[in-house]
Amino acid sequence: MSSLILPNPRRTVRDRLAKIHWPLVILLTLIAGAGVITLYSVAEGHWRPWALKHAVRYGVAVCILVAMGLVAMRYWMALAYPIYFAALAALIAVPFFGEVNMGARRWLEFGGTQFQPSEAMKIGLVMGLARYYHGLRAEQVSHILYLIPPALMIGAPVALVFIQPDLGTSLLLAATGVIIVFVAGLSWRIGVIGVIGAGIAGYAAYYFDILKEYQLRRITTFLNPDSDPLGQGYHLLQSKTGIGSGGLTGKGFMEGTQSQLKFLPEMHTDFIFTVFGEEFGFVGAIGLLMLYFAVIVTGLSIGMAAKSHFARLTVVGVVSTFALYVLINTGMVMGLAPVVGVPLPLVSYGGTVMMTIMAGFGLIMSAHVHREHDVLKKGDFL
Amino acid sequence: MLNAHDPERQEIVSRRTVLFGGGVGAMMVVIAGRLYQLQVADHEKYQALAEENKFNRRVLTPLRGDIVDRFGNVLASNRKNFRILLLPERAGDVGVTLDHVGQIVPVTDERRQRIFREIRRRGAFTPIEIEDNLDWASFSRVNYELPHLAGVLPDVGETRDYPLGSATSFVIGYVGAVTDADLDAQENDEDRNLLRQPGFKVGRDGLERTYEEELRGEAGKMSVVINAHGRVIEEVKDGMTPPVQGKPLTLTIDSELQQHAMQVLATPAERQPDEPQSAAAVVMDVITGDILVLASTPAFNPNDFNVGIDPDLWRELNQSQYKPLLNKALAGEYAPGSALKMIAAIAGQEMGFNPSQTVRCTGKVWYGNRFFHCWKRGGHGVRDMKGAIRDSCNVYFYELAKTLDIDLLAETARKFGLGQTYELGVTGQKPGVVPSRDWKRRYYAGQPENQTWFQGETLSAIIGQGAWTTTPLQLCVMAARIATGRAVRPRLVRAVGDLILPAPTASLINVNPAHLDVVRAGMNAVTNEYGTAARSRLEDPDWQLAGKTGSSQVFRITAEERARGLTKQEDLPWARRDHAVFVSYMPYENPRYACAVLVEHGIGGSRAAGPKARDIMKKVAERDPSSRPPLDPREFVRAAAATREG
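Chains as they are written, first to last, in the numbering used here: chain H, 1 to 382; chain C, 1 to 646.
Next up, chain C with everything else stripped away, as it sits in the complex (with noise of 0.2 Å):
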C-alpha cells in the first residue's frame, strides 16, 4: 500500500527540485556571462558592426575627364546609364532575385552566371551590376517592382559616350571593363575599391589609356543610413566629399577635318567603285607640329566597346582583311616607295652630287648582275633631280644609289622623321624600319654571311622598296620637316585640365638649306608642273600644294606570272596589288600644313593616294585651323563646370 506521506519519496523529490533549480541557475549564470561578453566585454567590437549595418560608406564614382577637340567639340563625355545592382549581401538567395528581375528585364543564363562569378570575386558586400544601358520603361517597373527584390538596387550611373563614333576612335581609343590585372595594377586599396565600383569603367586604348591617371578623377565618398533591405534612410550631410571629375584633354584634332578625311578616306576611287577602302591619313600643322587629323579607315566604332561588345561584332572586326582594329595611320608599316626619293635626293647632295648634273633614263639599267626597271618602259629621257622628282624617275635614283653610301640615306631619312615613334598618347605606334649596315647587322644576328651590305640593295633602297617600313604619321612628319627644314614633333594634346602644353620649339635640321629648296621645287613640280600628281593639283593660288607620289610594292610580279600576262597591278587580287603613297604640304612658298595619305593596294599615290590628299587638303585650305583661335582650356573647364552645376 501507497503511504502518501512516503517520506523516503518526499525527500527525494525535494533534493532533486533543489539540484534541478541549481542546474537552471547555473545556466542562468552562463547565459548572463555570455550577456556580460557581448555587452560589455565586447561591445565595441559590436558597435562597430552595427554602425557599418547602419552606415554604408558609399564610394561615389567621378566622372571620367571629357575629351576635347581644339576647338572644344566634344569628342568624348559621359551619358545617363540606367542599370540594375545586386547587392549580394542583401538580396538573401541570389538565385531567387535574378528570378523576379528576370520577370522584368530578361536575364540570360550567360549573364546569371557573370554576375555568380563576380560575386565570388567580388565579395558579397560590392553591388554587381545585373544589366546596364536600360531603356526608361524598364528601369521605371524595376523601381515600381522593387519592394520584392530583395537586394536589387537600381542606380543611374554614367557611362562613355563618343558623339563622333568611328571618326575618332583612332585617336581616343575607348574605356573598357576592370580586368583583375586593372585591380593588381592599382596603388592603394581607395583605388582598388573605387575600380570595383559597379560598371566602373578604365582607358583601354589610345588617349583613354594613355592619360586613365588625369581622366579618371577623384572618388568621393558619402555615408548613408541604410536598412536591412539596403535601402538608403537617410544621407549623412557632414560625411560627404563630393567626387571630383577627371580633368579634360584638349587636342590639336581639328573634329571637323578629322570627319572630312574619314570620309574622303571611305569614299572609292572614281575609276574603282567597288575597290574597299583600306587608308589611313595624317594631317598635321608643319610649325607647332599639331596634328589635324589622325584617320584611318575602316573604323571600329568605340561605342560599341564600352557597353561590352558583342562577340560577332568581334570576331568580325578581328578577321576583315582591311583590318579596322589597326591604326594604320601609326601602326601601319608600309614601303615608303618613290615618296622616299626627296631623302634619296637631300642624301645624294649632301654627298657632293650637283643636283642640276642629268641623268637619260632609258627605262633600265644594269647593275651588278641585273637589270633595275624604272616605272617608265620606253624611260624618261634625259632628266635633272627636280625633273627626276616630278617624274619619280627610277634611273636617275639608280645612278645616284651607285656612288650612295646606304648609311648616309640611313641617317637622312631618320633626320627627316623616319624610323622612330613620337611621344602622341596613342598606343600601338611602330617604328618601321631604316635600312642600313648596322640594321643589316643585327637583323642577321645569326648569320654573319648575310650581314654585309651590297651596294646594290642600295638601289633597292633609294626607291623606297626592300626592307624599308614606314608610317603614314612619319611620311606626314617627313614632309613637314622638308617644308620647314625643321625637326618638327609631332603632338595629340594640347592641354591637360587647364594646363596648356606649349608647342615644342623645332630645331634647325643640320642640311643645306639650299639643297631643300632643289627637293621642294621637286615637289611643286610633282603636282603644280605637270608632273605624276597633276591632278591632284590645288587651284587656289595662295594655297598651292607640293607632293610626292609613291607605291609600296608588296608583292613582286613572278616571271611565271610575267609569262601568262599578268603585268598589271589591276589584274592581281586586292591583297597583292601595292598601296598608293602620297605625301605633301602646302602652301609651297610658305608651308603651313603636311599631309600623307596611304591607300592600302591602291596601286598608285598618283591615281589613288593625290586625290584623297587633295580633297582633305583643300579642305584644311578652307579651314585653315592654324589662324583661328584654338580653345583656351581654362575657359573649356570653366564652362564644363557650369553645366555641371546649373
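Isolated chain H (complex conformation) (with noise of 0.2 Å):
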C-alpha cells in the first residue's frame, strides 16, 4: 500500500507542457479552422462580423485550454462540487435576474458580460457526478439508494433549464447524465427500466401539453416536414436542398447557392453544417465527420488511460456532450433529427458554447496530462 500513498512526483511546467497531448489540440484547430473559413463564406468572403471573432476567441481558447492541462486532476476534483453547486445557483436565479432573450430566459448579466448557466451546468454536471461516482464502489452504483444523489443531480438542472425553456439544452444535459450514470457501471436491467420510464415520461409531457407549442411542432415537423412547407419544415427543405445540391465534391468554396442566396436560416450558427457541406460536398462533410470522430475516439482512449476514477468519468462526459453536439446538429440540419437549435461544436459561431467545449477539453488535457494520478492520496471523502 506504501506505494499508494507516496506523492506523486512534481514535475515543472515544461515537463508538464511536453506531455499536453498536441495532436487533440491540431484536431480541435482543424475542426475549428473549418468554423472559419465558414464562417467568412456566409459572410459573402468577409472576414466580419464572425469569421476573425471566431478565428480569436478559438485562439484565447487554446491557451485557456492548455492552462487547464497543466492543472492537476485533484483541483479540478476538488472544484467540482463547487462548480456543480455554483452552476445550479446560477440556473436557480435565472428566473428571478434574467434576460429575457427571444421569449426564453437563459442569461445572466455579470457586469456587462452574459453569461449563460445553462452552459456552464454542462461542465459542472459532468464534474459533479464524475466526482460523486468518484467515491462509490462499483457494487454500491447500481443500488437503489446510491442512484438518488445522481438522478436529484441530473433531474434538478434538466428541470430548470427545461422551464427557461430550452427543450434542447435540457435533452442534452439530461443525456449526458444518463450516460455518465452509465459509464459508471449502471445495471442494464437498472438501464432498461429507465428508459421505459423516460418513455412513459416523455408520453406523459406530451399528453398534458406541457411542451411548448413551438416545440411540439419542432417535433410534428421533424416527423412530418412536408406537412408545413413554408414554416419550421421550410429550413429544414432547404438545408436539406443545400447538402444535397453539393453532391460529391461541392459547388466550391464561396459558391453555394443556397448559403449566398440566403435561402437558409442561422447559417453562422445552427446550419453551418449545411453551407459546409453545400460548399464541400460529400468528401468535405465526410472529412469533417472524421475529424469529429478522431477528436471522441483520442478524448475516448485518454479517459481510459487515465488511472483516477474522477478522471475517466469526467472524460467520458465532456466527450459525450461533444459527441452530442455533433450528431444532434448534423442529424437535425439532414432531418434525422428535430429541429432543437443545438450548435456544430467549435464550427458554429458562438462564444460561450465554444468557452464550455473547450474548457471540457481543457479537463480531458488535464486527464492526459496527469494520467498518472490516481488523486486519491488526500483520502477519500463522499
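In case anyone wonders, no lab produced these hints; they're calculated from the structure. In this text, a Cβ means the ideal position worked out from N, Cα and C, and glycines have one as well. Errors might be hidden in some of the hints.
If we take Cβ atoms under 10 Å as the criterion, some of the chain C residues that face chain H in the derived model are [what the hints assert, rightly or not]:
hint	residue
1	8
2	39
3	50
These two chains come separately, so use the hints to put the complex back together.
Listed below in C-alpha cells is the structure:
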C-alpha cells in the first residue's frame, strides 16, 4: 500500500507542457479552422462579422485549454462540487434575474458580460457526477439508495433549463448525465427500466401539454416535414436542398447558391453544416465528420488511460456532450433529428459554447497530462 | 474502504467507455449514410431543387392587342399600372407582411381575406396582387421600405385603358379578372400559368371576349437568379423569350361619328327636356356593310370594370330602368311599328297588289269582330301605296292585310334582314321575332287550340305590332337592303392583325326592282314631301335623306283609362309610353349610308327618333367616312411596333 500514498512526483511546467496531447489540439484547431472558413463564406467573403472573431476566440480558448491541462486533476476534483453547485445556483437565479431573449429566459448578466448558466452546467454536471461516482464502489453504483443523489443532480438542472424554456439543452444535459451514470457501471436492468420510464414521462409531457407549442411543432414537423412547407419544414427542406445539391465534391468555396442567396436560416450558427456541406460536398462533410470522430476517439482513449475514476468519468462526460452536439446538429440539418437549436461545436459561431467545449477539453487535457495520478492520496470523501 | 485501484470498477468503466464509443461510431455511420443519401444518391433531385430556388422562371405577360377604329384612332389600349405583389412563399408570415404594407397603403379587411383566398387557390409560389393602380407617391414609398417587406414585389403592370370610355363600351366590351372557369377552359398548363399571373385580365364582354385569343398575345419567359427574399440578383440573358403583343383589331367604327351619335342620343328632345334618353342608333355603309356607329345610351364606362367594379356602382347599373348594361342596339327587342310598312308594301306588291291602286282611309276598318284604327282619327282620305307610306296610313295596309298571306310577309321580312343575328363578334345579339304560321305553331307548342293563325292577326302584324320584335341593328340592315336591293351583311371588324378581312359581296335580293322603287319613293316622301318626318329632312341636296317613322306599342291604353280621358301618350308614365323608331338611308338617289334610331318610350318616331337620326346622318354626310381611305392595318401594326421600341 505504501507506494499508493507516496506523493506524485512534482513536475515543472515545461515537463507538463511536453506531455500536452498536441495531436488533440491540432484536431480541434482543424475543426475550428473549418468553422472560420465557413463563417468567412457565409459573410460573403468577409472576415467580419464572424470569421475573425471566431478565430480570435478559438485562439484564446486554446490557451485556456492548455492552461487547464497544466492544472493537476486533484484540483479539478476539489472544485467539482463547488462548480456544480455554483452552476445550479446560477440556474436557480435565472428565473428571477435573467434576461429575456427570444421568448426564453436563459441569460444572466455579470458586469456587462452575458453568461448562460445552462452552458456552465454542462461542465458542472459532468464534474459533479464524476466526483460522486469517484467515491462509490462498483457494487454501490446500482444500489437504489446510491441512485438517488445522481438522479437529483441530473433532474434539478434539467428541470430548471427546461422551464427557461430550452428543450434542446435540457435534453442534452439529461443525455450526458445518463451516459455518465451508465459508464460508471449502472446495471443493465435498471437502465432498461429507466428507458421505459423516460418513454412514459415523454408521453405524459405530450399528453399534459407540458411542451410549448413551438416545441411540439418542431417535433411534428420533424416527423412530417411536408406538413408545413413554409414554416419549420421550409428551413429543413432548404437545408436538405443545400446539402444535397452540394453533391460529391461540393459547389466550391463561396459558391453555395443556397447559402449565398440566403435561402438558409441561421447559417452562421445552427445551419453552418449545411453551408459546409453545400460548398465542400460529400468529401468535405465526411472529412469534417472524421475529424470529429477522431477527437471523440482520442478523448475516450485518454479517458481509458487515466488512472483516477474521476478523470475517466469526466473525460467520458465531456466527450459525450461533444458527441451529442455533433450528432444532434448534423442530424438536425439533414432531417434526422428535430430542429432544436443545437450548434455544431467549434464550427458554429458563438462564444459561450466554444468556451464550454474548450474548457471541457481542458479537463480532458489535464486528465492526459496527469494520467498517472489517482488523486486519492488526500484520502477519500464522499 | 475504497481501493483507488478498484479493478472491478476500472474494468466496467473501460468496457462501457468502449461501448459508448462504439455507439457514437454507429451513429456517425448513420450520419455519414444520410450524407451519402443526400449528396450522392439523391443529389440530382436536390440539385434541381436548388436550381429551382436559384432560377425563377418568370412568365412575361404579353401586352393585349390594341383595338382601333377604321382610321386608326385608339379605342382600347394599355396603360401603366403601378402595383404591389406578394410572393407568399417568401413572405414568411403573410399577415405580418400585410400589416407592414398596410402602414403605407391601406389594406382593407375585405382585401386581406381576398388575398388569403387567392393564396389558397393559387398556391404559395405565384405572386398575388396586394393592391393595384397605386399613385406614384405610394408606389415609391413601398419601394423605399422594401427591405422591411418580406415577399413584397413592386411591379409595373399594364392595365386595359379605354380612352373613349362609355362611348365605345358596347362595341368593345371590357376585360375582367380571371375566374376558376376561365382557368378550367384553358387547353394547356402554359396558358393556365399565364392566366394565373397577377392582375391578368381576360375579355369578358363584346369584342374583347370574342377576339380573346387574337388579342391576348403570346407569353414570354425569363429566367432570373433570385435570392431568398425574391429579389432578382441577375437576369439570365439566353433564358429569355420576349412576349409577343396580341394582334391589333381594326374596326369598321368611325370613332368620331360614334361619339357624336352617343351625344345625340343622350340629348333630350326639345319638348321634353327632362325626359331621360334611353336610346340606340346604328349607322352602316350600305355597300360594304361596315358598321360606322353602334351606339346605345346610357352606357357604362368599361374603365370601371377592368379595375374591379365598385359594388354600389354595379348595383346602380343593374337596377336602373334605363338599362345601362343592355346593348340596346342589338340586344334590345322592340316592335318595329310602322317602320315595317316598307316590308308590307313589298310583300303586297309581290302578292300582286298594284301600288297605284288607292284606298280610302276613314280612320278605321271593321274586320272580323272589331274595328282597326288608323293613327289619324279622322282618316287620311284617298291614298296610293307611296302616299300611304308617306303618311303612314294604317287603313291602307289593313286593306292590304285582308288578302296578304302572313307567311309571305314573314319571308319578305327575313329577306330584308329581320329575324336573324349577324356575325359581328359582339355578344348578346337577339334574333327578334318574325310572326308567321310556323312561329305561332312553335310558340303555342303545348296548346294546339291556339296554333291557328287568324287573318285578323295579319292586320296587326302588317303595321309592325303584335308579336314582332326587332333590334335597331336589324332595322338598319333592313334600311340598307331596301336602299340597295342587295342582301348587305353588317360587319364590325375590318382587320385582325395585318390581315384585312374583305367586305363580303352582297347578292341581289330576289324581288322586283320596280317594287323596291315604289317603297324608296315612299320613304323619300316621308322626309322630303311633307310626310310624317318632314322635320327630319336634310337640306343638303347631295345628301337627300329617305326615312320612315314608327312607334312601337308597349302597353295598350285600356278602355278604363280611355274612359278616364287618358288618351294621350304624354300622360302615361315613362315606362308605359310607346317606343319611337326611325329608319333611314341616304342619299336617296345613290344610297351609301343607312341608319336606324330607337328611343325607348319616346312615343313617336317623327318626334323623338327622326330628329336624332337627322342629326347623326348630318354628321355622317359631313364626314362621309366611306370616301376617305381607311387605315391600312399593316401600317398600323408597324406604327405600333415603332412606338413600343422607341
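Quick rundown of the hints versus the structure:
no.: 1; hint: 8; in the structure: 4 Å, holds
no.: 2; hint: 39; in the structure: 4 Å, holds
no.: 3; hint: 50; in the structure: 4 Å, holds
Violated hints for the displayed structure: none, as all numbered hints are satisfied.
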